[in-house]
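*Asks:* Listed in order, the protein sequences are those of chains A and B.
First residue of the first sequence: 1, per the working numbering; consecutive thereafter.
First residue of the second sequence: 1, per the working numbering; consecutive thereafter.
I should point out that these hints are in silico values taken from the structure, not numbers from a laboratory.
Any given hint could be a false lead.
Unchecked claim - Rough simulated footprint, nothing fancy, chain A against chain B, three-plus residues with beta-carbon under 8 Å:
1) 43 to 51
2) 79 to 85
3) 113 to 121
Stated by the list, open to error - In silico lysine-lysine, DSS-like type, Cα no more than 25 Å apart, as pairs:
4) A/556 <-> B/176
5) B/171 <-> A/57
6) A/223 <-> A/165
7) B/87 <-> A/559
8) A/165 <-> A/195
9) B/108 <-> A/591
10) B/108 <-> A/578
11) A/559 <-> B/176
12) B/87 <-> A/264
13) A/559 <-> B/178
All values reported here derive from a predicted model rather than from experimental measurement.
Ideal placement from N, C-alpha and C gives every residue a C-beta, glycine not left out.
What follows is each chain in one-letter form.
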Amino acid sequence: MSYYDEILEAKNGQVLFLLGNEAIARGALESGLSTAATYPGTPSSEVGDLFYAVYKKAGMHFEYSVNEKVALEVAFASSSLGLRSMVFMKHVGMNVASDAMMSIAYTGTRGGLVIMTADDPSLHSSQNEQDNRHYADLSHLPLIEPSTPQEAKDFISEAFDISEKYMTPVIFRTTTMISHERGLVQVSPLMEKKKLSNFESGKDVYNSLPQFAFRNKKLLEEKISNIKAQESERFVRVERADENEWGAISSGAGYAYLKDVVSKYGLSISILKIGMTNPLPEKAIINFITEHPRIIIVEELDPYLEEKIRALCELRGVDAIIYGKMNSYFPYDYEFNMDIVRSGVFKSMGKQDPQSFAKGTESLLVAPRTPVLCSGCPHRASFFAVRRALKLAGMSDAKISSDIGCYSLGAYEPYDIGDYMISMGSSIGIASGIPEAASKRTVTFIGDSTFFHSGIPGLINAKLNNAQTTLIILDNRITAMTGQQPNPGSMDPDDLDSKLNIPIENIVKGIGISSVVTVDPYNLGEMLHAVNESFKVDGPSVIISRRECAILRDAKERKAGRHVVYMVDEEKCSGCGKCVEDFACPAISFKGGKASIDPDQCDGCGVCSERYVCPFQAIEVA
Amino acid sequence: METNILIAGVGGQGVITVGRLISMAGILASHNVVMSELHGLAQRGGSVSVNVRIGNVISPIPEAGSVDCVMALEPMEGLRYSPRVGKDAVFLVNLHPMTPISLSMEEKEYPPLFSVLNEIKRDHQVIPIDATDIAHKVGNVRVSNSVLAGSLAATEIVNISRDDFIVAITKMFGSKLKDQNIKAFDSGYDFTMGYLEKNHILLD
Ligand code: SF4
Ligand code: SF4
Numbered sequence: 001m002s003y004y005d006e007i008l009e010a011k012n013g014q015v016l017f018l019l020g021n022e023a024i025a026r027g028a029l030e031s032g033l034s035t036a037a038t039y040p041g042t043p044s045s046e047v048g049d050l051f052y053a054v055y056k057k058a059g060m061h062f063e064y065s066v067n068e069k070v071a072l073e074v075a076f077a078s079s080s081l082g083l084r085s086m087v088f089m090k091h092v093g094m095n096v097a098s099d100a101m102m103s104i105a106y107t108g109t110r111g112g113l114v115i116m117t118a119d120d121p122s123l124h125s126s127q128n129e130q131d132n133r134h135y136a137d138l139s140h141l142p143l144i145e146p147s148t149p150q151e152a153k154d155f156i157s158e159a160f161d162i163s164e165k166y167m168t169p170v171i172f173r174t175t176t177m178i179s180h181e182r183g184l185v186q187v188s189p190l191m192e193k194k195k196l197s198n199f200e201s202g203k204d205v206y207n208s209l210p211q212f213a214f215r216n217k218k219l220l221e222e223k224i225s226n227i228k229a230q231e232s233e234r235f236v237r238v239e240r241a242d243e244n245e246w247g248a249i250s251s252g253a254g255y256a257y258l259k260d261v262v263s264k265y266g267l268s269i270s271i272l273k274i275g276m277t278n279p280l281p282e283k284a285i286i287n288f289i290t291e292h293p294r295i296i297i298v299e300e301l302d303p304y305l306e307e308k309i310r311a312l313c314e315l316r317g318v319d320a321i322i323y324g325k326m327n328s329y330f331p332y333d334y335e336f337n338m339d340i341v342r343s344g345v346f347k348s349m350g351k352q353d354p355q356s357f358a359k360g361t362e363s364l365l366v367a368p369r370t371p372v373l374c375s376g377c378p379h380r381a382s383f384f385a386v387r388r389a390l391k392l393a394g395m396s397d398a399k400i401s402s403d404i405g406c407y408s409l410g411a412y413e414p415y416d417i418g419d420y421m422i423s424m425g426s427s428i429g430i431a432s433g434i435p436e437a438a439s440k441r442t443v444t445f446i447g448d449s450t451f452f453h454s455g456i457p458g459l460i461n462a463k464l465n466n467a468q469t470t471l472i473i474l475d476n477r478i479t480a481m482t483g484q485q486p487n488p489g490s491m492d493p494d495d496l497d498s499k500l501n502i503p504i505e506n507i508v509k510g511i512g513i514s515s516v517v518t519v520d521p522y523n524l525g526e527m528l529h530a531v532n533e534s535f536k537v538d539g540p541s542v543i544i545s546r547r548e549c550a551i552l553r554d555a556k557e558r559k560a561g562r563h564v565v566y567m568v569d570e571e572k573c574s575g576c577g578k579c580v581e582d583f584a585c586p587a588i589s590f591k592g593g594k595a596s597i598d599p600d601q602c603d604g605c606g607v608c609s610e611r612y613v614c615p616f617q618a619i620e621v622a
Numbered sequence: 001m002e003t004n005i006l007i008a009g010v011g012g013q014g015v016i017t018v019g020r021l022i023s024m025a026g027i028l029a030s031h032n033v034v035m036s037e038l039h040g041l042a043q044r045g046g047s048v049s050v051n052v053r054i055g056n057v058i059s060p061i062p063e064a065g066s067v068d069c070v071m072a073l074e075p076m077e078g079l080r081y082s083p084r085v086g087k088d089a090v091f092l093v094n095l096h097p098m099t100p101i102s103l104s105m106e107e108k109e110y111p112p113l114f115s116v117l118n119e120i121k122r123d124h125q126v127i128p129i130d131a132t133d134i135a136h137k138v139g140n141v142r143v144s145n146s147v148l149a150g151s152l153a154a155t156e157i158v159n160i161s162r163d164d165f166i167v168a169i170t171k172m173f174g175s176k177l178k179d180q181n182i183k184a185f186d187s188g189y190d191f192t193m194g195y196l197e198k199n200h201i202l203l204d
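Okay, chain B solo, but in the shape it has when bound (with noise of 0.2 Å):
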């Protein structure tokens, strides 16, 4: 058994961090987790992914297709990725949009976010969740990643419990941070919970 996740979203978002954070708390629950990073010019406000493989595997990009997750810190950035992995993967998508530059340049705007939605769910489960703004709540816009990661345990995609996720999230970061994003983190599932009871999904 493997469990394949995909963080995608856009240099500076910190996808390596919140990568980092499910493979710890995959690691607590008794995994074996391979994850691969980006560095370098790769992370200067380009579109970025990073792959979290739990499972007994060695090499750390699975293969085409068999992604179980897509977890989007941006919108456009999971419509990239959407003709790029198999029906099955399930798409947790944050629905605060970064224009990109190419856009602007051209006195383009974005695209409206619902077009940008119903792109993903033409083909693949969605699961919203407004990370942003949940994180501004929290008084931290920086924690919306943890607020995925809420998400993401919610779903029960990763074989991962909520404590070792906390667990997670507790040995990561410093004391100050440690609280906001525990709060970011329990938004973000109770939201979820709510949003698949409230729309009878049942994710296998």
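Chain A with its partners taken away, still in its complex shape (with noise of 0.2 Å):
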């Protein structure tokens, strides 16, 4: 039995080691899901990972939607019609969804529908750390958060039954730390699913007319408030110590650290652990806040929790002292870990840290090792034809636009591709609004999932403003970054020629834009090729970059039991360092000084054996 399917499999009881997102999606199956949809996005995807797997087993619908607007739409529908649904994204995939989850929260939803954010604070992933509590306030939905693996499979059963109850959306938010933690988690019985129950139609049900939406503000409002009567309560776990004088207040990671810091050092703080942070439990925190008269906030990001109980404190003429980030006892920023916390929860008590661990310096032997693309990706044979055509012709400075994906990695040395790199699909954007008088052509870069998600309405702008742009989509008919996902470019990555496949081109040429070529970049000749031709355009052309992500590549080379390795003849290498230099391949390295290539680490894709890689001829294969 499969890894994924030990998981839909356990029995009632059986305690498994789950990743946080592995939890979750357990959480949703035991909940009768009827209908899950995502778009791929760190750190959210292994949620997605599982149902992928197991979803026809399990008698569900899954879906890898084109993008997360479109991803809760999809559930929207399914919870329209008394089905349990589930939508999943990363924190900046809800920005694409927000604008359907502000009238979905007015409409309200029958069968439960969970909306599920994981953040990313200290960006191991991501373009920003905006903390997606704001979301709740924003859209008034309530938002629950787990603080450990089996809390988020135990929370999600709740956040659906609320749903249900309320006939409201809920929001479920995770974090890096909490979506990618392993823990024991203890499964419960998987749930029967509902019944398809119809609505009557000609009703104003889901509709959000100004009319009915103005209704529904009330509507909405009473929810809310019912929820804070009735739950919000019910999520509290009070852990008193010995003494009253200290009490602190947590959720999420936050309470994680929290709790060790307090049993490690054995220190005398009774915990208020909310696992509802929208609406606030104001009654549990008020009595805490009257028990003890100094009151520590611990939480990542903004200071949430923190505005809103000092707020709470000033309308209940409440006396406490409080300690948070806003009077700089804990930091904004980034990710909190045992360290951050327990500094902080010492300086709020006035006493001395008492780690005296420092970091040593580091050696002058480490040289830094950012990611890299993989040895074999066929990205780098793309941003290398790119930049060789764009020195040829003369157009270094060249603005390039470049977009969400493994290929934003190409902004690092030695490609240097991505003057701009903002959110998912905006490089076409960006490209269509740049005046020729910056930049006489600019190159643009996509891969081919960011393309279906968002680039396409780009691309159409570009083609109205005839846009000076070579638009390189690269489709390694995958969704790489995110742990190798179909998208609708490739709907089946055992079967590549797939006849639900939606064709790029088609929608290039639908677009209206005859400047379209395939190549494959392995080819770096025909590569070079066509970016040069594609300098001579008049308006917008399009090079379709296609050739399979090596990890995809290899997984299917190693299954036929074919693999080539390459190497370099040291009598004809000369040693000028080329291949390193501009094509910088990690499997390749310099010895003696002469390149040499790791056997374990070369992919064989045979591209640095190409003459623009290697003027000497010297690589071969071994």
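Could you fit the two chains together into a complex? Lean on the hints.
*Replies:* Have a look at this one:
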């Protein structure tokens, strides 16, 4: 049985070692989930990895939607018909989905609808560290936050129950730490799925016409105040210390660090742990603060709890001394850890920080090792060809607009690809706005999945503006960065020619762009030629650089028992260093003044053996 | 009591797999275990680390200075963590170097292996093992992490029996890979036992 099948088939009471995201998926299955939709994004992707592996067996609908907004619309439609549904995404995906979410909040739902957002403090895999708890305020929706994988599973079931009871979507928020922490989780039985229940058409139920929305706003307010009165307090846990002087209020990942610090140092601090952060359990908070005159608030990112708790104290006339971010006991930025929390707690208590550990200085022998494109990655070949073509055309200073995916790594040396990289699909929109006076021609990069997600409107705009850009669609046949998910251009990674695929060529031509060619980037000569030709076009010109992701190809080659590696012929290698300086495949390094290929790392793509990379043709099949 | 293992390596080397293996063995030995993982962009060939915490703890990342063992899948990655952990941390270091692109691009070479090890040794007990070479001998370079797991078991830094490790390997890997991984584990175990004896190293 596969790993994911085991999770699906685990029996009541069994204890599994699950990733937070896997616990969430299991929790949703236990809640009788009928429909799940997502657009992959770290740190939320593994929820979908599990569903993708088991959805047929689980008898549910699962899809990688074209983007987060559509994913939410799909889940909402299913919920409107009484089925339990879920949509999940990374924090910035919520920005895309929010347009629909703000209105769905008003119309309400029927079958439980859970909207999961995975925030990314410290920006491990993201372009910002927005705190999505604010979306709960903006949309007037309830928000639940777990602190451990076990809670992640248990709270999901609660989220579905609450959603259904109050006919409102529930936001479920994790952070990287919770989503990517593995811990012991005891599972519960799988619940029966809800039956489809139709509603009467011709009524205004799910219609956001101003007149209906005007009325729904009141209903929304009622729902949230009922949830405040009846649900929020249930998610509270008070852990009492021997003394009543100090209390700490926390939620999410902050709680885990706080708890470890309090037990490790034997601190006499009572803890109020909050599981529903909107609406806040005001009664529990006021009681706790009344009992504990000194309150420490431990939360990552924005002072979301702190601002509300300070306002609440003011409103209720409760005197408390509060230690938090707003008076500089804790930082506003980045992920917390035990050290940050310990130091904040001790500082609040006016005690000397007991930890004396100080980092030493890094050895001079240590070189930076930032993430790089895999060996054999087709993007490397595309970047190399474009850089070279630009140089040959005397256009090295052309503005380059890139997008989100593995190819974002092109921003590093030696490719230097990405003067702009803002948000999903933004590359083409930006290119369509760069005036010719600034860059006679621009080069734009977008991945296949990102193109479908939100690149198409940008391309239409580029066509309308007759933007002087060469758009290179890096079609590696997969959504690679988030862990190899399918996308509309390749619906089945095992069958790249699947009939279900939507050909990118047709879309581009349909927009009316006639200059479009498809090239295999491994063939550097052809790629160079295509890029060169595209520079002569007036208006947008599209090159589809199509070659499957090296990880995908590698897996297939190995399965087929094929695996070639390349090596450097020391006699022929002049030591010019071009292959490492300009091409920079991680399998090639320098030893004794000559290039050398590590056979364990070489992927066998053969691109380095082409004369454009090695002018001496010193690289050949081993 | 808590035991904290930090696994340091290069994205793609399998830091998560070895972390899960140690965790599974820990669970079989009736410990509570939490582990931090890394996914997404961070996984692509950069410097990565995973923490395994065994004991009564909740958060998956230990306090600075409280790591008991650094398992370095690559020597320079071991050295990178050397100043970031307390002096009691024991280093298990795979001797197979991977040159970072930042060096290659400047046509610089990987520093001499003995210098890298010596720098770690200045502050820490180091147990070197050529796990990649041993894995090659077992017939599959991908099992090098099980060699290191065997080495960890031999040091007794974690309170997990050899049998529990073997059961964990059996559970985690398919039938064909299972045998190679057990062989790799045993080789790592035996090598490290020999190394500890030969050098009269007593770990507490
Ligand atoms: S995962 Fe695929 S697309 Fe991403 S860097 Fe590796 S080879 Fe390139
Ligand atoms: S063939 Fe050359 S470019 Fe391709 S992976 Fe091997 S060393 Fe790198």
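*Asks:* The structure should be examined with respect to each hint, and the outcome stated for every one.
*Replies:* Hint by hint, here is what the structure shows:
As drawn, the region 43 to 51 of chain B meets chain A at 5 residues by the rule of a beta-carbon pair under 8 Å; at three or more, the given contact holds. Counting residues of the region 79 to 85 of chain B whose beta carbon lies closer than 8 Å to any beta carbon of chain A gives 5, which reaches the threshold of three, so the coverage claim holds. Only residues whose C-beta sits within less than 8 Å of a C-beta in chain A count toward coverage, and the region 113 to 121 of chain B has 3 of them, enough to reach three; the restraint holds. Distance check on the hinted pair: residue 556 of chain A and residue 176 of chain B sit about 18 Å apart at the alpha-carbon level, within 25 Å; holds.
Taken as a hint, the residue 171 of chain B and residue 57 of chain A pair is honoured in the structure, with Cα atoms around 22 Å apart against an allowance of 25 Å. The suggested pairing of residue 223 of chain A with residue 165 of chain A holds, with an alpha-carbon distance near 10 Å, which does not exceed 25 Å. With a C-alpha separation of about 45 Å, the suggested pairing of residue 87 of chain B with residue 559 of chain A is violated against the 25 Å cut-off. With a C-alpha separation of about 16 Å, the suggested pairing of residue 165 of chain A with residue 195 of chain A holds against the 25 Å cut-off.
The suggested pairing of residue 108 of chain B with residue 591 of chain A holds, with an alpha-carbon distance near 8 Å, which does not exceed 25 Å. For the hint pairing residue 108 of chain B with residue 578 of chain A, the CA-to-CA distance comes to about 13 Å; that is within 25 Å, so the pair holds. Between residue 559 of chain A and residue 176 of chain B, the direct Cα distance comes to roughly 14 Å. Compliance with the 25 Å bound is thereby established for this hinted pair. With a C-alpha separation of about 20 Å, the suggested pairing of residue 87 of chain B with residue 264 of chain A holds against the 25 Å cut-off.
With a C-alpha separation of about 18 Å, the suggested pairing of residue 559 of chain A with residue 178 of chain B holds against the 25 Å cut-off.
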